[in-house]
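Participant: Chain A is fixed; fit chain F onto it per the hints.
As they're listed, the protein sequences go chains A and F. With our numbering as the guide, the letters of the first sequence map in order to residues 25 to 785. With our numbering as the guide, the letters of the second sequence map in order to residues 25 to 785.
If you are wondering where the hints come from, they were derived from the structure by calculation, not from laboratory data. Since we're looking at a predicted model, the values are computed, not measured. Be aware that a few hints might be false.
Given that identical chains are not distinguished, each listed pair holds provided it fits within a single copy or across any two copies.
To be verified - Taking lysine to any residue and the SDA-like style, the derived pairs with C-alpha atoms no more than 25 angstroms apart in a straight line are:
| no. | residue 1 | residue 2 |
| --- | --- | --- |
| 1 | K508 | R633 |
| 2 | K55 | R633 |
| 3 | K364 | E407 |
| 4 | K508 | V646 |
| 5 | K156 | P333 |
| 6 | K253 | A310 |
| 7 | K649 | T564 |
| 8 | K253 | P333 |
| 9 | K253 | T642 |
| 10 | K508 | L615 |
| 11 | K626 | L78 |
| 12 | K253 | L313 |
| 13 | K614 | T505 |
| 14 | K134 | L150 |
| 15 | K145 | P333 |
| 16 | K206 | T505 |
| 17 | K81 | Q113 |
| 18 | K752 | F659 |
| 19 | K722 | Q663 |
| 20 | K80 | P641 |
| 21 | K354 | P169 |
| 22 | K89 | P169 |
| 23 | K364 | N448 |
| 24 | K104 | T285 |
There are 2 protein chains.
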Amino acid sequence: MIINKPLIKLCSLALLFSFTLTLPAGAIDNKPLLGFTRDGAIRQREMETRFDSLLKKENLREWMKRLAARPHHLGSAYGKENAEFIASQFRSWGYETEIEQFDVLFPTPKTRLLEMTAPEKFTARLAEPALKEDSTSNQASEQLPIYNAYSIDGDVTAQLVYVNYGVPKDYDALAERGIDVKGKIVIARYGGSWRGIKPKVAAEHGAVGCLIYSDPRDDGYFQGDVYPKGAWRNENGAQRGSVADMPLFPGDPLTPGIGATKDAKRLALKDAPTLTKIPVMPISYADALPLLRSLAGPMAPEDWRGALPISYHLGPGPAIVHLKLEFDWKTVPCYNVIAKIRGSERPDEWIIRGNHHDAWVNGADDPISGLVAEMEEARAIGELMKSGWKPKRTIVYAAWDGEEPGLLGSTEWVEAHADLLKRNAAVYINSDTNGRGFLGVGGSHTLEKFINEVGRDVTDPQTKVSVLERIRALRIVRGSTDDKREARERADLRISALGSGSDYSPFIQHLGIASLNIGYGGEDGGGSYHSVYDSFDHYTRFGDPNFDYGIALAQTGGRIVLRLANADVLPLVFGNFADAVERYVREVAKLTDDMREETRQKNRQINERSLWIIADPTEVYVAPKAEAPVPHLNFAPLQNSLARLQESARSFDGVMNEAAASGRALPLEAQKSLDGILIQTERAMTREQGLPRRSWYKHQIYAPGFYTGYGVKTLPGVREAIEQRNWKEASEQVNIIAETIDRLTAEIDRATKIARQSPRN
Amino acid sequence: MIINKPLIKLCSLALLFSFTLTLPAGAIDNKPLLGFTRDGAIRQREMETRFDSLLKKENLREWMKRLAARPHHLGSAYGKENAEFIASQFRSWGYETEIEQFDVLFPTPKTRLLEMTAPEKFTARLAEPALKEDSTSNQASEQLPIYNAYSIDGDVTAQLVYVNYGVPKDYDALAERGIDVKGKIVIARYGGSWRGIKPKVAAEHGAVGCLIYSDPRDDGYFQGDVYPKGAWRNENGAQRGSVADMPLFPGDPLTPGIGATKDAKRLALKDAPTLTKIPVMPISYADALPLLRSLAGPMAPEDWRGALPISYHLGPGPAIVHLKLEFDWKTVPCYNVIAKIRGSERPDEWIIRGNHHDAWVNGADDPISGLVAEMEEARAIGELMKSGWKPKRTIVYAAWDGEEPGLLGSTEWVEAHADLLKRNAAVYINSDTNGRGFLGVGGSHTLEKFINEVGRDVTDPQTKVSVLERIRALRIVRGSTDDKREARERADLRISALGSGSDYSPFIQHLGIASLNIGYGGEDGGGSYHSVYDSFDHYTRFGDPNFDYGIALAQTGGRIVLRLANADVLPLVFGNFADAVERYVREVAKLTDDMREETRQKNRQINERSLWIIADPTEVYVAPKAEAPVPHLNFAPLQNSLARLQESARSFDGVMNEAAASGRALPLEAQKSLDGILIQTERAMTREQGLPRRSWYKHQIYAPGFYTGYGVKTLPGVREAIEQRNWKEASEQVNIIAETIDRLTAEIDRATKIARQSPRN
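This is chain A alone, in the form it adopts within the complex (with noise of 0.2 angstroms):
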């Protein structure tokens, strides 16, 4: 995965699930199943159980350990040979399977070189050590070295300073003690936002280079023992990553929006608008800590200190640096492996599977023990097939290469597909990392109460509750007092919305594609993240060593696609959807009041002097500017349409649950119609001109923030222009999200005429 997996905690794993009585898993089995018959659920769960025992730890880890053999990154020989391996199985479990090759820009490095030239001279390693403890950390020859894909070539020489998380409010905490950064090279700690946003952000203030380290406070020994003694990241290690402008648009840099085949059109290396501004360069914390101990000038914020034994400065200087960079800029194969079953009912309605297969290096845990799930379900629904069931819709497995560098291999195959997925792809189940702890989901509101049922089937293989209860009683312990509240008393959990971090994004936010992102963790020791070091003895150490998560990660996404697949009519289900979206707009009004009483305050403690009175005399501050008041925005427009959506889904919700009563089931056609109109519910959450200022993301109710994280934003075209403060804008989304709502509750109608006219079978 892309996104930076230390920072994942237990506590953002709490999104999950139901309320359910603490019963034995095994004893909920006649319970009704969305989008069956009481009869259908039964026959369902019976193949459920069958599709269970043919699951075998054993085949994860003998694929783990051969897709880990050696380094498989994007264009690397090793990643071309995993594709035709993992080809060559979905072959043999009967899939019908090809590999889709699309051609990608794909920088390497040619000279990476960090020296700080004064106040001492010392020259950065940039390399992680074999170790004997680490079987495959010697291979130097295959393994791409440290460094941060899509930086620019650069060789530049300058003071450093320090600048926390480099997102936009370090700079105002930075500017509030005089320190500017323009002519200067920052160096930022990894976390607290998307990598990628650092440079950018830095580029922005007039930085000529930019640093990322990995600080021991978030990612090495503060966290725990450090590898090889324990799980976390050592001195040496370093986080690769890409650092491309994703939020603009993911995929090749060079074929935004169409797919990135031989003779696709290109654009010039030049005009490509993801690639940074500056040169960046990740580093560990040995190669940091030189360079940090040299800074002086203030004292860095106490929240913004790390766990290297220093005094952490701001600088600017005394510590200058020369970073050069160059890299050869060339393109490589990009290998798909897609396995398709064919739908005996309905084969023009596809339910879609994905992980990706490519690594910065060795990658046991990203994203091999994702895929070896994955796989291990293939197999297994393979195997039922063999014995003659056969699913009405279309199955599509997918292994993505070069998710790494920004999601290319999905993102090309969606673009090059658009037209047929936009009228075929039903619902994409995207995996990534996988390890043992709590079960966490993301994904469309659509499909929230389906997967609370999804995860009331699974047993946790450590306490032997389900894995929906589990994570109930980690929200009652752990959450707030709301949180703790809703999840003994709502129907069901809550799933977050989608961000972005893997290849569910081209799914859901280019072409409103309903979609889950599902994964274990919390439990398994982080610190191996895009380093040398996440291997097969690392992961079989510390990340999931029996494989029991493996199964349990299976064992859902098995059951997410059975019961897709197989469904009489799409469990999608409204009322959840209009809940979170109702949340979304109470918290952007609330964003807006907040804001206005904060800048009330601000200007009114400006206007009192209360900042200066308060400030050291004997050090430098330069307060705030006063900010124009936060107006009243009218979000009358927003709060009708929801109305209408909530009154909408509960129509259409009570019909399908009479239906579901009544216990017979619709006729064919009213079943096909309905999923007709079903599958289009989510295109109607996108438009076609995108988000202000990034076409690319359609999506109007979820997408990952442009500017002040990489996290998802909801309602994103109303929240962000709050956020900038950019008030007409706001007003114009309220308007624009409002018509996108009405468009998708006019969908939902539709869908209970149907569903409510048609006889029962």
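Facilitator: Using the frame of chain A, we list chain F on its own:
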């Protein structure tokens, strides 16, 4: 001071003060003054202007250089020289001066050995090296070594366990991880509580020894550059300090409740209840690092981890530690300097002003920075007397000895003269360390309005607004929403209640003498506290280089003394006190409600098994036991007493305001009668039996916390009983405090009657 200075953060200084318009400090000279007629206030302010003009920074610098020139701890040769020097100065200024001697137990080390015997050999250095940048740091022959006073002798060898701050809840967290300290040596970090709590709680849990170290997170490079580059504690710096069980009683451990005069009846050493139960020693972080690095076992909870470059584990072991301590249990003379000016009109009403003179080593900051301001204040008052001025009331200036080991000088003096003081003492004003920054005030809330008036009239040397205005700005910027609102809207800024940590404790808590504690700070760099580096060199670089805040303290203390000595009627106001008590009553009620809800939630989680379900099965987890539900307590007696107090306070303050508005003074006899009652009002807040299990502490509104720390506990009888879940005692204490408040209310009503019935002059 004996409290842990580095933990006093800026926010805790934001205790004060009243709303005023932003006027230059000089423009408010015609405002009324509590206790004075309008004409009297004008004359008083004229005198204060004269007083200010007499203050000379050069004296502060010269005296600090002299007094901190050599180590001057209790019992030292230079300590005696200092006492004699101070006394000679007071005599030269016209004070009737004596040195009053007590004879107190003061153990100093004969043997100090700390070594690690496994898994590797290490012997702790236990010494602070001389620095060429610090001219007094090389006086090894006179320096007290690094140690904790009133630790018992001991020779123990055991596995080590890390216990964070070593407060009771830390042991709960250890128990949850299956860790028992019985038979172990604990290592705690400084902070989070009064240091004496650490060995006390460790011993209660069965530990056989206790180390206390300064973590660089709280008191070292994490805070800023270390000495001599910056102000903060370097790796060899360690914090001496008392570990006597002062929350039981302060002062000489062998003479509780009575003055330690030559012939006083003394306890046998073995019966002295405030000595520790296990040997305890403070160490530097250089000495702590090898020990902590050698611990295995579970990772410490995240908020337990400090700034050493290691993974903080809990143990026990494999580190095995040998600690050997032997002390010379000698009795030493304790020299209090007592200097008086007899009151011209009411000689039997005493205004007492004190600051200690003993230090742990050279003590430029602690206590000389406060002492030299007090001396300059006294010198200027002497000058005023030479020009013919005389105070109405008696002024007593004190320089206490033996504060550091446990408030010995002040406590023995208070105990020896208890009857006289109960009759005569009107107010005690304390100071201790002082530095650049913000005025901090704690004290009796009957003096809250008075100290607001004083703070309004002192100009901050850096910003030229009043020192009150500067604190107000701090609360407006940094405070909670409630603090912000109050800072703008409430007539007076609140002062904090007094716990313990300096010489006010015997005055207010043992005898019930209205008290104030004043001092500037927050912009003076920390890290020299109780080390050999608390020197003239350190202070004049980082403390208050120009002694501007020394002058501000003299102006503040001088105004307090002069106004209290000269007022027609003592300036006590009861509305502020009633308002503070109302808060405390609300707090204890809320505490009970919060504990009830928390207990309910925790028990529910235990019943639902949520705590087990979320536990990582690969780690030891011992869930807490269910607790009895928290009952609803009857707070009505307290609330009814409070209501009567509020009514009486309103009447008294109203009558006094009318009197002030009339512009005419009360007849002298009425003034004296009122003073007689007002002096006793703080006494009315005490109870001869004292608090449960610690009869020395007689004040029913303020006390230092017995168990949960050293900070203040207001309404201590009730609050601590609730915290300990002793519901029966809590209910009894509600009634006891209600009765106490009723006694006070009766006194106020007597005062009101006199004030109302007296004619105006």
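Participant: Run every hint past the structure and note whether it holds.
Facilitator: How the hints compare with the structure:
no.: 1; hint: K508 / R633; result: between (42 angstroms within a copy, 15 angstroms between copies)
no.: 2; hint: K55 / R633; result: between (65 angstroms within a copy, 24 angstroms between copies)
no.: 3; hint: K364 / E407; result: within (14 angstroms within a copy, 100 angstroms between copies)
no.: 4; hint: K508 / V646; result: between (43 angstroms within a copy, 22 angstroms between copies)
no.: 5; hint: K156 / P333; result: between (28 angstroms within a copy, 24 angstroms between copies)
no.: 6; hint: K253 / A310; result: both (17 angstroms within a copy, 24 angstroms between copies)
no.: 7; hint: K649 / T564; result: neither (54 angstroms within a copy, 35 angstroms between copies)
no.: 8; hint: K253 / P333; result: both (21 angstroms within a copy, 15 angstroms between copies)
no.: 9; hint: K253 / T642; result: between (46 angstroms within a copy, 17 angstroms between copies)
no.: 10; hint: K508 / L615; result: both (23 angstroms within a copy, 21 angstroms between copies)
no.: 11; hint: K626 / L78; result: neither (63 angstroms within a copy, 41 angstroms between copies)
no.: 12; hint: K253 / L313; result: both (22 angstroms within a copy, 19 angstroms between copies)
no.: 13; hint: K614 / T505; result: both (19 angstroms within a copy, 17 angstroms between copies)
no.: 14; hint: K134 / L150; result: within (13 angstroms within a copy, 53 angstroms between copies)
no.: 15; hint: K145 / P333; result: both (20 angstroms within a copy, 24 angstroms between copies)
no.: 16; hint: K206 / T505; result: neither (45 angstroms within a copy, 37 angstroms between copies)
no.: 17; hint: K81 / Q113; result: within (16 angstroms within a copy, 87 angstroms between copies)
no.: 18; hint: K752 / F659; result: within (13 angstroms within a copy, 55 angstroms between copies)
no.: 19; hint: K722 / Q663; result: within (21 angstroms within a copy, 61 angstroms between copies)
no.: 20; hint: K80 / P641; result: between (68 angstroms within a copy, 23 angstroms between copies)
no.: 21; hint: K354 / P169; result: within (16 angstroms within a copy, 68 angstroms between copies)
no.: 22; hint: K89 / P169; result: within (22 angstroms within a copy, 60 angstroms between copies)
no.: 23; hint: K364 / N448; result: within (14 angstroms within a copy, 97 angstroms between copies)
no.: 24; hint: K104 / T285; result: within (17 angstroms within a copy, 92 angstroms between copies)
Violated hints, listed in ascending order, are 7, 11, 16; each of the other numbered hints is respected by the structure.
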